[in-house]
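Going down the list, the sequences are from chains A and B.
Residues 1430 to 1919 in the numbering used here are what the first sequence spells out, letter by letter.
Residues 1430 to 1919 in the numbering used here are what the second sequence spells out, letter by letter.
Don't read these hints as lab results, they were simulated from the structure.
Heads up, a few of these hints could be off.
Residues on chain A that point at chain B, a partial pick, calculated with CB under 10 Å [stated by the list, open to error]:
#1 1487
#2 1502
#3 1532
#4 1537
#5 1541
#6 1549
#7 1600
#8 1623
#9 1627
#10 1720
#11 1748
#12 1760
#13 1764
#14 1804
Which bits of chain A does chain B cover? Going by a derived footprint, with three or more residues having C-beta under 8 Å, they are [stated by the list, open to error]:
#15 1508-1516
#16 1712-1719
Under the rule of at most 25 Å between Cα atoms (straight-line distance), these lysine-lysine pairs were calculated in the BS3-like manner [what the hints assert, rightly or not]:
#17 1916(B) / 1597(A)
#18 1706(B) / 1597(A)
#19 1512(A) / 1512(B)
#20 1711(A) / 1719(B)
#21 1909(B) / 1856(A)
#22 1669(B) / 1466(B)
#23 1873(B) / 1599(A)
#24 1466(B) / 1599(A)
#25 1598(A) / 1447(B)
#26 1466(A) / 1704(A)
#27 1599(A) / 1617(B)
#28 1706(B) / 1594(A)
#29 1679(B) / 1466(B)
#30 1711(B) / 1599(A)
#31 1598(A) / 1913(B)
#32 1755(B) / 1467(A)
#33 1916(B) / 1719(A)
#34 1723(A) / 1466(B)
#35 1873(B) / 1679(B)
#36 1447(A) / 1856(B)
#37 1704(A) / 1703(B)
#38 1466(B) / 1594(A)
#39 1703(A) / 1447(B)
#40 1585(B) / 1617(B)
Glycine included, each C-beta is placed from N, C-alpha and C at the ideal position.
2 protein chains.
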Amino acid sequence: MVESADLPQKMDGKSFRKLEPELRQELLSAQLEMIEKKAFSTLIVVDGMDGAGKGESVARLYEWMDARHLVCNAYGEPTDEAKARPRLWQFWRDLPAKGETAIVFGSWYQRILREHVAGNMDDKAVGQELARVRQFEEMLALEGVLVLKFWYTLPKDEQKRRLEKIGKKKNVARHVLADWAALKNYDKAARLGERIIEETGAADAPWFVIPSQDAQYRDAAVARTIAKAMRARLEACKAKAPAPARVVIKRSEAGSPVDTIDLTARLDEETYAKKLKKLQQKLSDMSDHKDFAKTGMILVFQGNDAAGKGGAIRRVIRPLDPRIYKVYPIGAPTDEELARPYLWRFWRRLPRKGQIAIFDRSWYERVLVERVEGYARPEAWSRAYGEINEFEHELTDFGFIVCKFWLAISAEEQLRRFQARQETIYKQHKITDDDWRNRLKWDKYAVAAGDMIERTNTDHASWTLVSSEDKRHARIEVLKTICKELKRRV
Amino acid sequence: MVESADLPQKMDGKSFRKLEPELRQELLSAQLEMIEKKAFSTLIVVDGMDGAGKGESVARLYEWMDARHLVCNAYGEPTDEAKARPRLWQFWRDLPAKGETAIVFGSWYQRILREHVAGNMDDKAVGQELARVRQFEEMLALEGVLVLKFWYTLPKDEQKRRLEKIGKKKNVARHVLADWAALKNYDKAARLGERIIEETGAADAPWFVIPSQDAQYRDAAVARTIAKAMRARLEACKAKAPAPARVVIKRSEAGSPVDTIDLTARLDEETYAKKLKKLQQKLSDMSDHKDFAKTGMILVFQGNDAAGKGGAIRRVIRPLDPRIYKVYPIGAPTDEELARPYLWRFWRRLPRKGQIAIFDRSWYERVLVERVEGYARPEAWSRAYGEINEFEHELTDFGFIVCKFWLAISAEEQLRRFQARQETIYKQHKITDDDWRNRLKWDKYAVAAGDMIERTNTDHASWTLVSSEDKRHARIEVLKTICKELKRRV
C-alpha cells in the first residue's frame, strides 16, 4: 500500500498547470515504449468509494495517454453470458494483449464489497475470496501483466455532499446515478476497503490509495504512479534475463503414477459392443436430462501419442446432442493467444452451463510438451501446477464437472501404431515427424506426465488413468467414468 | 437447389454399410486437405423441418469427419449480449477460420421462419429479409467461405408421428423438446421453406433439399454433398489464379468530392475555447441521457495522414463517461482476423446499445490503403463498397447512429506537420517511413478517397467532409456533427 506519489495532496490550479506537461510526457513516453516493445500489458484496477470521481480520473488518463492503446472495460451487473460461466470469465475475456493497457472499472472486488455490505458474506468468507483473488492477481503478474490497483477514498461528509449533488440530476442513464446505499454503508465499506488493501496488497499487484478530495491531486497522483510503474517495468525488461531457475520437483516415493498403470486389460469385441451401447444410451439420457442444464462438463484428454484420444472422443460425442458440446483440439497458440497469459485461450473456450467442452490436449501441455521441449522456462511450468489447480477449482466451484483422462500405452504398442498409421492411406495424416521425434524423448515425457498427475490430482478434479493398450477397454473406461461422474449430479 | 446426391432415396442397412467406408473416406480426405491448405473455411447451414433428425445428422458428421476441426454452433433464443447488437452479430462472432468447418444450427433463417409463421412478418417483409440474407451469404462466399445449406424435409404425417414420440419423453432439457407449434403450422412453414430455397438458392450458397424419412439416405446424401463441394473447391484453388480484373469505377462528372472541400476555414483560439466547452457539455449531457441507452453510436475517422484524427478523437471522448465508449485503432490484422472475412474484425468490436465505438481508421482501409498498396485484389476492394454499405445498413437498422468523418488537409500542410513531428521529441513516434512513402502516392490516395466518399455516402450513413487545415475548426466541426446527430435521437 502506497499513499504518496511525491506530490502535495492539495494542488492549486497554477501548480497543476505547471506540472501537467511534465506528467503527460512522463506517462506518454512510458506507454509508447511499452506499445513498441510489446513485452508486457498493463491492467489498471479502479476501485474505491462512490463519488470519488473514478470516471473523471479515467477520462483524464484517456486524455494524457495514447487513447488508441487504452481501453476501459466497465463491469456492472453480469450479462447472462457471464452468469453462465465462472465469475472470472468476463475479466479474462477482456485481458489486454502485450503492449496494451486496460482499465478495469467495477473489478473482481466489487462483488465481494456488494455481498459483504449486503450481509451475504461473512468475514471468513471474505477472507477466502480475497485469498483466491490474490492467487489470480499473482498469476497475472507472473505471466507478465503489470497490475496496478487504485483505491480512491473520500471523507464521509464529502461523499455525502457529492452523492446528493449527483442524485439531483434529471433523466440520466443508470450508470450516472451513484449507489445510494453507499452512503448508508460508508463505515462498513470503508472497513472492508482497508481489509482488501491489507490482504491483497502484494508487491506484484500493489494497491495505491488515492485521497480524492482534490481532483487535481487525484489525477496527478494516478498518472505519476502509472508512469513510474511502467518505467520501472521497462527497465526490468531491459536487464538481462536471469538464468533459468533449477526446479526440483518433489516426488512421492511410490514411484511415478504412470508406471502403476496395468496395461494388460483387454475387452473382446462382443462385450465391448454391448457395453458401448449401454453406456452411450446412459450418457445420452443423462445429458438430455433437465438437471444437466444446471451443471456442465469439461473433459480433458491427454496421453501418449497414438494412445487413442481421438477415437475415445468420437465414442463420447456419438450419443450427444450436437447442440450441447464442442471439441477443441489444442495445437500451437494464435498470436492473440500468445500475447496473453497462457490460460486465456482456455477461458475463452469455456462452456456455458448445460454444455460440454471436450479438450483434445489442454492446459496440461504447459507441463508436458512445453516443459520437455523447453518452450516454457522452468520457473513458468513449475508454477503452472498450482495455477492449473486453482483454475480447475474455479470451474468445479461454479458447478462444472471436470474429468481428466490420461490414456496410456506402452512404447512397443506406440511403435506398432505409428507403423500401422504409415501404412494406411487415410491415417497417414495422423503421423508426422514430430511424433517420431517425441518418441525419442519417451522417458522425459513419462517423467513429466508422472509429475503432472501427482501434482494436479486434486479432490475437485482428479485424474483417471486409462490403460489404452486395448482401445476397446480404454473407450469403455472413459465412458464409464463420465457416466459415473454425471450420475452424481443428474 | 439440388435434390439428389446420386443415391437411392431409400437405403437398406446392407447397402448403407457397404457404402459407408467409401463415403467416409471421400469426406475425410477432402476435409483433411482443406485443413492442411487453409485456403477456405466451410459453413454448413442445417435447417428445415422439426423432427427431421437434424441433430442426428450432425452427430454423424462428427463421427465421419475430423471432429477436432468441426464445430456445431447452435443458436436458440438470442442471449442478452446478442440482443444488444445487430442480429447478425452472433453468427459473425462464430465464423470459422480458414481450414475449419462450422455447422450453423438455428441459422439466420430461423428468425424469419418464426416471425412469419407467428404472423409478424408479411410476404413483402419476408422478401426484403431474404434479399439481405442473400447479400450476406454472397459476401461470405466471395470472401472465401464455402457456404452449403441443407433443408431437411419430412412428409406431414411422418413429422406428426415423430414429434409425438419426442413429446412423450420425460424430464428432458428444453432443446430436446421439438416445437409443438411446428405441427400446426406445417403448411405455412413448408410454403415459406420453398420460397426460401427459391429466393436464396444462388450458386455461391446453394440449398440442398434432403428428404429425411430414411435416416441412412439422409446422412449419406449430406456427407456426399459436402465431400463433393469441398473437393470441387479444392480443385478450384489449385487452378491458376486468374489475372486481376480490371475495375472501372464510374465517377460523377462533378469531380472528386475530396477536391470540393474548402480548406480556408479558420477559428481563433478564443471562439474555439468557447465553442468547445459548450459542445462538450452538450455531448456529455446527451450521452448521459437515459434515451441514449436505447441507441448507440459508431464514429469512423478517416483522413489524410497527419490530418488530426487523434486530436479530434481526444476532444470527443473528453466529456464522455469512460464506461460507455471504446476507441479502436485499426492497424494490421491479427492472424485470427486474417483467417476470416475482412469485416469480422469490425463485427467483433461492435458496441452494445448505449455504448460508443470510435474507430481510428476502419473498414474503409479496404478501399484506401489496401486498394492503393495492392493488398486487396481489384475484384475484392471494388465489391467492398457495396458490402460496406450493407454492413452500415445493418448498424443503422438496428438503431445505431453512424457518423463518418473525412479529415482533409492540403499536401503542403501535411508536409509542415510531418516536419514538425520530426522536430518534437514526444511526437516523433507519430511519423514513420510509411508516412513518407504514402505521401509520394498522394494522388492515388486522393482518387481512392474520392471514389470511397462517392460510393459510400448513403442516406443511412453519410460522410462529413471536414476541412482540417485548421485543427480548431476541424474539432468543432466534428463535435457539432456528433451533437446534431445525437439531438435527433436523444
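Now for the hints, and whether the structure bears them out:
| no. | hint | in the structure |
| --- | --- | --- |
| 1 | 1487 | holds, 4 Å |
| 2 | 1502 | holds, 8 Å |
| 3 | 1532 | holds, 7 Å |
| 4 | 1537 | violated, 17 Å |
| 5 | 1541 | violated, 20 Å |
| 6 | 1549 | violated, 24 Å |
| 7 | 1600 | holds, 6 Å |
| 8 | 1623 | violated, 26 Å |
| 9 | 1627 | violated, 28 Å |
| 10 | 1720 | holds, 8 Å |
| 11 | 1748 | holds, 8 Å |
| 12 | 1760 | holds, 9 Å |
| 13 | 1764 | holds, 5 Å |
| 14 | 1804 | violated, 18 Å |
| 15 | 1508-1516 | holds (count 3) |
| 16 | 1712-1719 | holds (count 3) |
| 17 | 1916(B) / 1597(A) | holds, 23 Å |
| 18 | 1706(B) / 1597(A) | holds, 22 Å |
| 19 | 1512(A) / 1512(B) | holds, 16 Å |
| 20 | 1711(A) / 1719(B) | violated, 52 Å |
| 21 | 1909(B) / 1856(A) | violated, 65 Å |
| 22 | 1669(B) / 1466(B) | holds, 15 Å |
| 23 | 1873(B) / 1599(A) | violated, 51 Å |
| 24 | 1466(B) / 1599(A) | violated, 59 Å |
| 25 | 1598(A) / 1447(B) | violated, 76 Å |
| 26 | 1466(A) / 1704(A) | violated, 57 Å |
| 27 | 1599(A) / 1617(B) | violated, 50 Å |
| 28 | 1706(B) / 1594(A) | holds, 21 Å |
| 29 | 1679(B) / 1466(B) | violated, 37 Å |
| 30 | 1711(B) / 1599(A) | holds, 14 Å |
| 31 | 1598(A) / 1913(B) | holds, 23 Å |
| 32 | 1755(B) / 1467(A) | holds, 21 Å |
| 33 | 1916(B) / 1719(A) | violated, 49 Å |
| 34 | 1723(A) / 1466(B) | violated, 41 Å |
| 35 | 1873(B) / 1679(B) | holds, 16 Å |
| 36 | 1447(A) / 1856(B) | holds, 20 Å |
| 37 | 1704(A) / 1703(B) | violated, 81 Å |
| 38 | 1466(B) / 1594(A) | violated, 63 Å |
| 39 | 1703(A) / 1447(B) | holds, 23 Å |
| 40 | 1585(B) / 1617(B) | holds, 12 Å |
Checked against the numbered hints above, the structure violates hints 4, 5, 6, 8, 9, 14, 20, 21, 23, 24, 25, 26, 27, 29, 33, 34, 37, 38; every other hint is satisfied.
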